[in-house]
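Novice: Residues -19 to -1, 1 to 168 in mature numbering (1 follows the signal peptide of the UniProt record, and there is no 0) are what the sequence shown lists, from first letter to last.
Hints listed in this document are in silico derivations from the structure and should not be mistaken for laboratory results.
It is possible that some hints are incorrect.
What the hints assert, rightly or not - Quick list of in silico lysine-lysine cross-link-like pairs, DSS-like style, CA-CA up to 30 Å:
1) Lys122 <-> Lys165
2) Lys32 <-> Lys62
3) Lys62 <-> Lys109
4) Lys109 <-> Lys32
5) Lys32 <-> Lys56
6) Lys109 <-> Lys56
7) Lys144 <-> Lys122
8) Lys62 <-> Lys144
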Amino acid sequence: SRIPPLLSFLITVWVTVTAISVETPPEVLRAARGRSVTLPCTYRTSVLERKGFIQWDKLLWSHSERVLAWTFSTKDYNYGKLYENRVNLSGNAEESDASIIINQLTMDDNGTYECSVSLLNDLDGISKARVRLLVLVPPSKPDCSILGDTVIGNDIQLTCQSKEGSPAPQYRWQSFNLQNQERKGPP
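Start from the sequences, fold in the hints, and give me the full structure.
Specialist: Spelled out as structure tokens, the structure:
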């Protein structure tokens, strides 16, 4: 009842060859608000007949949000509400390119996206991959305020905040004495 080594090898090769593999780039993709970005996704399979679908979702804390679904047999698109008229497949889905292009980027497009390729004839392997998108937005003019009396010797609290900016702006404080020399240590 033992499988001969050659037959075992051939079965292993066959399983490996028919296993789907979906890949996205590991680095964070960056694009400016109002522009377009391509989210790359490619897949490998040995199955010639494509039956199934490609699906993109944006992953949120508690659930996912549909971006796009595309069916191989009918070539029909199904768009998520927030992405209709803004997203499409960017390459040839029949030729292993499941990439999408998102147009008119907004701050809400920041996040992690999942590309999924489901082929009915190839259910083994890695059928999903994730890519992170960072939409770049210049910081708005900061709103700054002073808490406390601005009298020599009193402690005061300074705050600055920008209503928008991606990545979030970081502020650095410096303190100067009456001779306009920088003070050492925490301000």
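Novice: Starting from lysine 62, check that the Cα of lysine 144 is at most 30 Å away, please.
Specialist: Holds, because 26 Å separates the two Cα atoms, which is no more than 30 Å.
Novice: Between lysine 32 and lysine 56, is the straight-line Cα distance small enough, at 30 Å or below?
Specialist: holds, 11 Å
Novice: Starting from lysine 62, check that the Cα of lysine 109 is at most 30 Å away, please.
Specialist: With a Cα-Cα distance of about 22 Å, the restraint between lysine 62 and lysine 109 holds, given a limit of 30 Å.
Novice: Under the criterion that the straight-line Cα-Cα distance not exceed 30 Å, is the pair lysine 144, lysine 122 satisfied?
Specialist: holds, 8 Å
Novice: Holds or violated: lysine 109 and lysine 32, Cα atoms, limit 30 Å.
Specialist: holds, 17 Å
Novice: For a C-alpha distance cap of 30 Å, please report whether lysine 109 and lysine 56 respect it.
Specialist: Given that 30 Å is the threshold and the Cα spacing comes to 20 Å, the pair holds.
Novice: Holds or violated: lysine 32 with lysine 62, Cα cutoff 30 Å?
Specialist: Given pair lysine 32, lysine 62 holds - Cα atoms ~25 Å apart, limit 30 Å.
Novice: For the pair supplied as a hint, lysine 122 and lysine 165, is the alpha-carbon distance within the 30 Å limit?
Specialist: OK: lysine 122 and lysine 165 at ~28 Å, within 30 Å.
The structure agrees with every numbered hint stated previously.
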